[in-house]
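Novice: Residue-level listing of the chains:
2 protein chains.
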Amino acid sequence: MSGEEGPTQQQQPEQEKKPDEPPSAASDAPQQESGSSSPAAEPAAVAEPPAAVAEPPAAVAEPPAATPAAEEKPLSFRALVLTGHGGYDKVKLQVKTMAKPKLKAGEVLVRVKACGLNFAELLARQGLYELLPSPPVTMGMEGSGVIEAVGEDVNDRKVGDRVIALARSGMWQEVAVVSADRTFLMPEEMSFEEGAALTINYMTAYMMLFEMANLRPGKSVLIHMAAGGVGIAATQLCQTVQDVTVFGTASASKHETITQGGVTHPIDYRTKDYVEEIRKISPKGVDIVLDPLGGSDTQKGYSLLKPLGMIIVFGAANCVTGQRKNLLAMAKTWYNQLSLNTMKLMQSNKAVSGFHLGYITDEQLFSRTMSTLLELYKQGKIKPRIDSSYHFEEVTEAMKRMHERQNIGKVILLPEPKKEEEKPKSNAEAGENVENDAAISEKKEEEVKAEKD
Amino acid sequence: MSGEEGPTQQQQPEQEKKPDEPPSAASDAPQQESGSSSPAAEPAAVAEPPAAVAEPPAAVAEPPAATPAAEEKPLSFRALVLTGHGGYDKVKLQVKTMAKPKLKAGEVLVRVKACGLNFAELLARQGLYELLPSPPVTMGMEGSGVIEAVGEDVNDRKVGDRVIALARSGMWQEVAVVSADRTFLMPEEMSFEEGAALTINYMTAYMMLFEMANLRPGKSVLIHMAAGGVGIAATQLCQTVQDVTVFGTASASKHETITQGGVTHPIDYRTKDYVEEIRKISPKGVDIVLDPLGGSDTQKGYSLLKPLGMIIVFGAANCVTGQRKNLLAMAKTWYNQLSLNTMKLMQSNKAVSGFHLGYITDEQLFSRTMSTLLELYKQGKIKPRIDSSYHFEEVTEAMKRMHERQNIGKVILLPEPKKEEEKPKSNAEAGENVENDAAISEKKEEEVKAEKD
Ligand SMILES: NC(=O)c1ccc[n+]([C@@H]2O[C@H](COP(=O)([O-])OP(=O)(O)OC[C@H]3O[C@@H](n4cnc5c(N)ncnc54)[C@H](OP(=O)(O)O)[C@@H]3O)[C@@H](O)[C@H]2O)c1
Ligand SMILES: NC(=O)c1ccc[n+]([C@@H]2O[C@H](COP(=O)([O-])OP(=O)(O)OC[C@H]3O[C@@H](n4cnc5c(N)ncnc54)[C@H](OP(=O)(O)O)[C@@H]3O)[C@@H](O)[C@H]2O)c1
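Residue numbers (my numbering), protein chains in the order written: chain L, 1 to 453; chain X, 454 to 906.
No lab work stands behind these hints: they were computed from the structure. Ideal Cβ positions, reconstructed from N, Cα and C, are used throughout, including at glycine. Don't take every hint at face value.
Said to hold, decoys possible - Now the stretches of chain X that chain L is said to cover, found in silico as 3 or more residues with beta-carbon under 8 Å:
{"hint": "1", "segment": "664-678"}
{"hint": "2", "segment": "789-796"}
{"hint": "3", "segment": "804-817"}
{"hint": "4", "segment": "843-855"}
Required output: the full structure, derived from the provided sequences and hints.
Specialist: Structure follows, in structure tokens:
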């Protein structure tokens, strides 16, 4: 993959004025992504339309235009907009200007201070994430900031509150209108970066380990991408239970850090067969496998399960190779995915499950989980590890950092413009779109370039 | 199905002498059942050879012949032997005579007082249970009795101990040699019938609810065959957790009993659509489904799961219709079984698992679970419900009682001969084998005859 991208240039915000136009980038009712092809023509690995979602959490709207009567001085804000599916350059920094939004009942206006970058956004940019409304759309599923206005019927939030906010999309902008139910008060000692890093990674890890699986003392867990956002969250949560053994796969350079973080046995999956490595240490296998990779890795994970063990599939990172959608990688992941009948499961005493936070609509579960997580944070039992923070104009570098497997922990995006004196530091490489990205043996071909540490 | 069996006659034990012959009915290393056809020719629903069993628990041997040197006075005992696959008449009462067995290290000789009948034995008689060695073989997977002799290296059991004993097969005989590890001391207040009823039903229910699933306060559980052995065990175990809602399917005549036993919502699956009934009460569905039926019921159970819920498939009772193997019922169950890929699981946030006690080889898990269960028994939190007890010569009636869906709780077999004065009570119907048992619409065609209450 090295060499396929052109030099990075720092993004200059595009001015975009639409004071009267109705918002088009996002709306409260997210649509199915229209850009993905039919499942017949192309494996629908991550793009198959959801079957059973009753009430998807609302996407964050860019602040809706005010009714003419309520018109005040216009609001101008920076936003990272996905303009189409493809390479890094499809995510553009735009400056939007519109009338001050009139909040609906139950909504709050948040001045966003920090946003989380998730692997899902790499997928979404390639057109592989079915829960993002079709482009043009402001991306971003989580962030933190300060409440700037509250709508009617919002009694438990007030102007000035520091909150974490969660949405289907639209958090990557300087101001965002979100449902008050999807905001959570931040503890005083929590930084905005930590707040933006907590929600998706820790909720995902927590629900998998404690709601779906039944993590108890003495169990063993295989965590893939153990140095990533979810991986570090899962490792920390494993430490809250006595005597849990963690096998963690990650690129070799990250092993020291993840060992300090609680991984019992780090494994370099890029140079070693992790199944063999685990069998050497634990011939009987493991109790829980968290699988964000999909494809043949799900089969391997299943084979590693001890009786009464569970594998949870919660991602298809194997679909991502080059910068843009790779049909071959998708097909491979799709066709190699584990498919099972129940008789086989009976004879092996194993459990297979799937997890996707985006399809969970149980508000009680969300708030219960968040309050547990905030409690654990206050007790010092969990603490998001920030890998790096990039200003909006550096979004390409942020995405590259994750795509090129450099990050240890969370990659953060900051809406605030970069100060002049900081600027020279990061005029590295740009998101130029190169056609030739059909990397089949993805892991070997990627020469990871350390842009930033 | 009514009318397909001839009149029952009480079995007269067949005398069988084989003092020198090596035991043929069972051996310590159970073989794969050879009577089942190839998976290609016939759906291998419950007869597929196991893939991953390392050390199957030893079958109980009929007491092995002593070495000539150790010969003492010969032992004569009654045993229920499966002589071939088919109808009720394939299980024959035989009297065996052989030299007093010489125990190997770690073994004990048990004088069996009561044995459990399990649904698996109905399957096994039809040739549908792959873990039973091929006929001729003494059946029976659980029993209780008194230790009559101990082998070397057995320190925690002594002559006179009242024990529960567990084995792959061979427990349906008056004396049995078992591994001391697979015996468990009975509390004083426990009857032999209760001892014989506890192990398989409660272990199965316990491991499913607490090891595989993660039963916690406030959850809801669907228990099929709720008036059966496992069903009643599962219902009682649900009562040990606060605020658990139990939906239980059973024939209507059993509803009063199971409601008293803790089923919150009994459902007559024979006259009503249980999916509809459950949705009426709980539109969002249930958290855990215990599925001993297989086939299309697994699909229904899956559809009923709430997000983060789990279905555990642990049987294929739908394969059983008439007295003998029914290819059509097997094919239906096989082809309708749930088969899933992991992407679908992700989008629905559900877990699918299989459970089979017979494939569990973790001795620690067995003894840990048994000691928990015995503790719960002592605390009065669980208590096996004995439906009925039959002497060995009445085995046909015992099997019929279960097959014809009459039992509420456990059916017990007693090795001891029936006393003369009891005899007139049960000369009802015999296990005559009738060809015509291809009952397709199994549930409706079965006119249940109340032979005994
Ligand atoms: N289902 C859900 O609700 C849910 C929610 C959140 C996240 N997820 C999934 O969880 C996984 C982790 O997400 P995250 O946001 O925390 O990201 P992340 O782990 O920080 O992702 C980046 C890291 O993943 C590893 N990696 C493995 N395969 C890769 C590939 N094909 N391309 C790029 N990097 C790869 C790299 O580290 P190493 O080489 O060191 O391993 C890289 O540094 C993703 O699969 C994501 O889709 C699912
Ligand atoms: N995987 C394991 O480790 C394991 C261990 C033990 C048992 N099991 C399974 O659990 C289930 C229950 O076993 P059990 O030994 O406790 O038996 P049981 O429940 O006492 O079985 C008899 C009852 O099942 C109901 N039933 C439903 N479909 C039936 C059919 N096709 N034929 C006859 N009866 C039917 C009837 O009651 P209603 O009509 O009132 O419902 C009948 O009274 C079986 O499927 C068995 O294979 C599995």
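Novice: Against each hint, give a clear statement of whether it holds in the structure.
Specialist: Evaluated hints:
1. 664-678: holds (count 4)
2. 789-796: holds (count 7)
3. 804-817: holds (count 10)
4. 843-855: With 0 residues in contact (Cβ-Cβ under 8 Å with chain L), the coverage given for the segment 843-855 of chain X is violated.
Hint compliance for this structure: hint 4 alone is broken.
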